[in-house]
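Undergrad: Sequence:
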Amino acid sequence: MNLPTFTKKSRNVAISLFLALLFCGSGIFTFTAVVRNSVQKTPFLTFSDVPPQSRIETILTEKGRATALQSGNIDALPAPSFPYRLSSAIQLPAGDYRDIILTVTDQTPALTVLVDGFKMEDSVSLTLNGEKAYTLMSFDWSGRLELEAPLPMGPVEACVEILGRTEILGMCHTIQDRGAA
Numbered sequence: 005m006n007l008p009t010f011t012k013k014s015r016n017v018a019i020s021l022f023l024a025l026l027f028c029g030s031g032i033f034t035f036t037a038v039v040r041n042s043v044q045k046t047p048f049l050t051f052s053d054v055p056p057q058s059r060i061e062t063i064l065t066e067k068g069r070a071t072a073l074q075s076g077n078i079d080a081l082p083a084p085s086f087p088y089r090l091s092s093a094i095q096l097p098a099g100d101y102r103d104i105i106l107t108v109t110d111q112t113p114a115l116t117v118l119v120d121g122f123k124m125e126d127s128v129s130l131t132l133n134g135e136k137a138y139t140l141m142s143f144d145w146s147g148r149l150e151l152e153a154p155l156p157m158g159p160v161e162a163c164v165e166i167l168g169r170t171e172i173l174g175m176c177h178t179i180q181d182r183g184a185a
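Start counting the sequence shown at 5; every next residue gets the next number (my numbering).
Do not take every clue at face value.
Derived lysine to aspartate or glutamate pairs resembling DMTMM-like cross-links, with alpha carbons at most 25 Å apart [stated by the list, open to error]:
| # | residue 1 | residue 2 |
| --- | --- | --- |
| 1 | K123 | E61 |
| 2 | K67 | E152 |
| 3 | K67 | D110 |
| 4 | K123 | D53 |
| 5 | K67 | D100 |
| 6 | K123 | D79 |
| 7 | K123 | D110 |
| 8 | K136 | E165 |
| 9 | K136 | E125 |
| 10 | K67 | D53 |
| 11 | K123 | E171 |
| 12 | K136 | D181 |
| 13 | K67 | D181 |
| 14 | K136 | E152 |
| 15 | K136 | E171 |
| 16 | K67 | D103 |
Hints in this document: simulated from the structure, not taken from any laboratory.
All chains should be modelled from the sequences, with the hints used to inform the complete structure.
TA: Now the structure itself:
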């Protein structure tokens with residue numbers, strides 16, 4: 005069960021309203037307010053079920069600047085500014101590849117997923133915070149598949165899973181709260 009999280013701004017507004025209500029009554033009250041920040045530590049980018057000897061290269065592009073990131077999972081990274089793009093190239097041991105490109109904006113649709121190296125026997129699933137947004141089977145021979153989805157407010161874990169005939173590849177990215185950006 006996900007507990008609601010509050011942005012710094014909404015938390016400050018709630019505390020201000022609470023203080024105003026206390027001091028508007030007759031008399032002065034003494035109280036102690038405890039504000040607990042429930043930010044969950046989640047990895048910035050993870051890959052799952054990638055075969056051994058695969059090679060992963062990820063590039064973060066924001067504000068017209070491209071930065072090569074470490075290969076594989078990335079636990080922490082300063083939140084990129086919107087819009088940004090994460091491009092991951094996964095070179096499989098058999099010579100096949102899959103490119104997964106996530107483009108995140110602060111406008112609707114907020115998330116665009118492009119899968120390149122898509123095969124006819126593949127299916128792709130997109131989940132947002134553990135709930136399936138899409139599951140698509142192949143329907144053309146172009147080798148590219150593009151999905152778009154609006155993002156709910158708050159931090160979002162967007163996961164793309166490619167189910168092929170012989171392999172399953174997964175990539176998850178934690179998107180910061182767009183309202184707090």
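Undergrad: Give a verdict on every hint.
TA: Checked hints:
Of the pairs offered as hints, the one joining K123 and E61 holds, with about 21 Å between alpha carbons and a cut-off of 25 Å not exceeded. Using a Cα cut-off of 25 Å, the hinted pair K67 and E152 holds, with the two alpha carbons roughly 21 Å apart. Note on K67 and D110: the hinted pairing holds, with a Cα-Cα distance of about 14 Å set against a maximum of 25 Å. Proximity of K123 to D53 is assessed by CA-CA distance (about 18 Å); at most 25 Å being required, the pair is judged to hold.
Simply put, K67 and D100 have alpha-carbon atoms about 31 Å apart, too far for the 25 Å limit, and the pair is violated. Between K123 and D79 the alpha-carbon distance is near 30 Å, which puts this suggested pair outside the 25 Å criterion. For the given pair, K123 sits about 31 Å from D110 by alpha-carbon distance, which is inconsistent with the 25 Å threshold. A C-alpha spacing of about 11 Å is found between K136 and E165, which places the hinted pair at or below 25 Å, so the restraint holds.
With a C-alpha separation of about 20 Å, the suggested pair K136 and E125 falls inside the 25 Å cut-off, and the hint holds. Annotation: proposed proximity of K67 to D53 is violated, straight-line Cα distance about 32 Å (limit 25 Å). The straight-line distance between the Cα atoms of K123 and E171 is roughly 12 Å, inside the 25 Å bound, and the hint therefore holds. Proposed proximity of K136 and D181 is supported: the alpha carbons are some 20 Å apart, at most 25 Å.
Between K67 and D181, the direct Cα distance comes to roughly 19 Å. Compliance with the 25 Å bound is thereby established for this hinted pair. Proximity of K136 to E152 is assessed by CA-CA distance (about 13 Å); at most 25 Å being required, the pair is judged to hold. Between the alpha carbons of K136 and E171 the distance comes to roughly 20 Å, so the proposed pair stays at or under 25 Å and holds. Taking the CA atoms of K67 and D103, the gap is near 22 Å; set against the 25 Å cutoff, the hint holds.
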